[in-house]
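**Student:** Each chain, letter by letter, is given below.
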Amino acid sequence: MSRHRIVRTMDYNDEYDGYDDVYGHSVDDECISPTDAQQWLYDRARGQQSMSAFMSKNKDIKEEEEDEDDDEAYQKARRDSDNFQMPVLDELEQAQLSSCVDEVRSVVGDAVSERLIVETSMRFGYDIQKILDEILNEETNKNEKRSQKFKLNNAPTTTTTSITKAATMTTPKPTSASAVTTTKVTLSTQKEARRGFDIASPKTPASPVLSGRNTPVDVSGDDVARNAANTFKVSKDQAQRNAKQLYEKERADQKSQFHMIVIGHVDAGKSTLMGHLLYDTGNVSQRVMHKHEQESKKLGKQSFMYAWVLDETGEERARGITMDVGQSRIETESKIVTLLDAPGHKDFIPNMISGATQADVALLVVDATRGEFESGFELGGQTREHAILVRSLGVNQLGVVINKLDTVGWSKERFTEIVSKLKAFLKQAGFKESDVSFTPCSGLTGENLTKRAQEPALIVWYTGPHLLEVIENFKIPDRAIDRPLRMSVSDIYKGTSSGFCISGRIETGVLCVNDKVLVGASREQAQVKALTIDELSQSNVFAGDQVAVTLAGVDVNNITVGCIICDPQTPIPVTTRFQARIIVFNVKVPITMGYPVLLHHQSLIEPATVCKLTALIHKSTGEVVKKKPRCLGNNSCALVEVETSRPICIERYADFKELGRIMMRVAGVTIAAGMVTKIR
Amino acid sequence: MKLLGKYVDKGMQGNVVLVPEEPEDMWHAYNLIAEGDSVRSTTIRKVQNETATGSSTSSRVRTTLTIVVENIDFDTQACVLRLKGRNREENQYVKMGAYHTLDLELNRKFELRKPEWDTIALERIDMACDPTQSADVAAVVMQEGLAHVCLITASMTLVRSKIEVSIPRKRKGSVQQHEKGLAKFYEQVMQSILRHVNFDVVKCVLLASPGFVRDQFYDYMFQQAVKMDYKVLLENKSKFMLVHASSGFKHSLKEVLQDAAVIAKMSDTKAASEVKALEQFYMMLQCEPAKAFYGKKHVLAAAEAQAIETLLISDNLFRCQDVNLRKEYVNLVESVRDAGGEVKIFSSMHISGEQLAQLTGIAAVLRFPMPELEDSDDDDDEDGAAGGDDSD
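Chains as they are written, first to last, in UniProt numbering: chain G, 1 to 680; chain H, 1 to 392.
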């Protein structure tokens, strides 16, 4: 064995432990590798901090122990009544005792253990009054203590606090007259409080960052799936990582980055605008641009030369429209922006949705040409639908670009007309007025893109910022770095190295090379081999990043576009049925029970049916207007249950905002958007 | 299906002799045969004989069995109907009362005896034996990376194959992977069409997709057909039709069947008329909610008032095991007809039928509004809805 040892990287801790503890050797000890041993054998040297793993939770240990004791004592007391042996007494005493016990029982009910009653009755010489006093005193004290403890320990969920309050209020002085009712109340609250404890507890381990577990045993235990998944082993590093610190260490000196999706009606000039912007910021070389110019000239579509920067497939160039989301990246003075160029055509909205789920902010491009703006803005136009879609996907900052103003001679009237129309609509769609900006420009000529306006007709009335400044001024949303890892897969392809790559956005958490992750609804385990952002290799990536991940240990056929990669310690729920609160848009036919829809969740598109209409809700107050409505008409808001044919990964909106949003589409029209309220 | 003999007496008791000729006839048979009926058909059994010396020989014999049906299995994909039950006619090989399984075979007659024939069942026989109704259409609904190859017959929609290929997105600087993935996908779809579509029977192939996928695929397919010399495709080029659909999922077939060009070509198949009827119901629900109702309770109440103009009912309701329940539905259908209403029995194998089955299986468009029905259900929890579990 010694010949095969790599001495240089040897973990002495392991070695010593192995030699010292002779009794720990099994017969075929020689064959076990150190890594196996690490996995399977209990390592005392590391045991100090991982002891907390054997306690129930990852809270402060001291409190935990007390709580545990108390809880245990309570449990023991309950158990006592089952296997308690009566003390040996003579006949008279026996009779006295049993009548006394009966008496007490009739007052306090079954809540008090037999042993307690018997012992107290013997202590007080079978005086009922005294016994009752004593017992009730003890009980209420205990309850008070317990409930206070809950108050201290728990993250104050509304239920627990209100219940504990009720418990403390309803523990008066134990006079035997009122004793009957009060004990009953305290008892029921006791149970409530325990339930509250259970609800609260799964939330606490949701941050593996704080937990010092290396044998993940979930004590809360009512969720079987969670428990089963918790048996996945992860390295100690991964389990104990402090994401915030890591983030500060790695990213403190870098420019912050965000994703921006460019949306708008077909032929509004989104790709051209972005292409020109990329060219002006120096992200496209002169040579490439020249090539595009020549080639587009050959096809007689010279105006498409900038669009070709992003529209790369032959099909897209030949037809002159964007079909799939194009991606590129620019750097401004203080930010790195990933541009997502969405297709404007109606048929490619699914692609646009999958792009928009990755975006933090949006740029709405509007064609100022007479007739064009109107056709994009009327009912069924994409200006409208896109704006509503991005809003319901959680984008709240919007930059509106009034494009092609050169075709109307940089007319101020046209600009203000469009702005006023859009303002009214966007407000109705749910955008705050302060988060929306309006910029005039021309994508083809490049006016007001990266430099202040030069055009004399424009500078007469416009002195505002140019497009790049608008982009620069977007606020960066908070990143949930210290949450468990969630990443949605938007693309799968063959990488340059061995294995295959998936790309997507890290929604929450942090991912490092060599981490173990769970893939999709099948919860297959895989290992991260490499991470790249824009072809640059990274060792850690954080929430908000658009990354390419090379995975090993999983079959490529088991990964589909739209599946979620998650942390093995706190895996994402997998379900086929969930409840959602939806807002119905303008629909041609009402939504009924059994209505087939296409469910969009992140990049996932899955056929689903609305299997139950639970309640119609008032739009603003959230009150239930009607239970079990027959159908949902235009602009209604409702609680529905949705069933998918295959299991999907989904989170409650309350737990993960990013992963709790859904969209429903039918026949190429978005009929509803909503958020997941309950998973079953 | 061929009807060889029909002997139904005044008490609606009797038997029919039928010969299934196409796979679809099995579906009709499945809808006809209910538990408790007796079916007589031939089947092959292996018989073991033991001679006096103890050596045994086994031989296969074709024998006629009559069983009282207790269990019915139908494989929708292979169109195989399997009946299980007790034998009630003893013969040389089979004992009385022994459990046997009958597989109904194509082109082999079977005799069906029912204790009571109802109008729905008799209608079903007429429908099944109508030769003009057999018009097959193949449809391919597709989007990038997903395709369903379906066969639409008069009363069934069969998904022959589902193709799912993950196509890499276009990325900066490398579109080859995207184009390669696309080509691979088209190749698979084409092979599936060649394998599953029988151009002798099918009179039209619908290619439906969002965007330009169908055009791209059409071009690809005929390029390849010329290259690889697929005569079948080239000869039947005129049968292909390009239609718009919003996605590659199965239920966008509904949109395809509503397309004006398709309706014109397919004249009036059952599938298309069902889609239309359901659409009308939904439109009514949108415009005049008091004139459109679904759920057993509401519809029964409307029938009571003779208000039903069109009744939509899914055939899976008639397949229920409860005789009384079936009778209830049959009575409903008859009462609507008597009152001059129209009854459309949806096939649960079609897309629209699937949707109707989800929508409690029964719906009605009324002649006059009945707003009182709408208000009545507030206090009532049941609502005729299937499978709602609130307790959680």
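Any given hint could turn out to be false.
Unchecked claim - Capping the alpha-carbon separation at 20 Å, the derived lysine to any residue pairs in SDA-like fashion look like this:
id	chain 1	residue 1	chain 2	residue 2
1	H	Lys162	G	Glu606
2	H	Lys180	G	Asn557
3	G	Lys628	H	Glu374
4	H	Lys180	G	Thr644
5	H	Lys239	H	Val226
6	H	Lys250	G	Thr644
7	H	Lys180	G	Val556
8	H	Lys227	H	Lys237
9	G	Lys494	H	Glu164
10	H	Lys291	G	Glu138
11	G	Lys627	G	Glu606
12	H	Lys162	G	Asn557
13	G	Lys612	H	Lys239
14	H	Lys250	G	Lys627
15	H	Lys297	G	Cys611
16	G	Lys529	G	Arg577
17	H	Lys250	H	Lys180
These aren't lab readings, by the way, just hints derived from the structure by calculation.
**Student:** Confirm or reject each hint.
**Tutor:** Going down the list of hints, with the structure as the test:
no. : hint                  : in the structure
1   : H:Lys162 <-> G:Glu606 : holds (14 Å)
2   : H:Lys180 <-> G:Asn557 : holds (17 Å)
3   : G:Lys628 <-> H:Glu374 : holds (11 Å)
4   : H:Lys180 <-> G:Thr644 : violated (31 Å)
5   : H:Lys239 <-> H:Val226 : holds (17 Å)
6   : H:Lys250 <-> G:Thr644 : holds (14 Å)
7   : H:Lys180 <-> G:Val556 : holds (17 Å)
8   : H:Lys227 <-> H:Lys237 : holds (15 Å)
9   : G:Lys494 <-> H:Glu164 : holds (17 Å)
10  : H:Lys291 <-> G:Glu138 : violated (66 Å)
11  : G:Lys627 <-> G:Glu606 : violated (28 Å)
12  : H:Lys162 <-> G:Asn557 : holds (15 Å)
13  : G:Lys612 <-> H:Lys239 : violated (41 Å)
14  : H:Lys250 <-> G:Lys627 : violated (31 Å)
15  : H:Lys297 <-> G:Cys611 : holds (18 Å)
16  : G:Lys529 <-> G:Arg577 : violated (34 Å)
17  : H:Lys250 <-> H:Lys180 : violated (25 Å)
The earlier numbered hints that this structure contradicts are 4, 10, 11, 13, 14, 16, 17.
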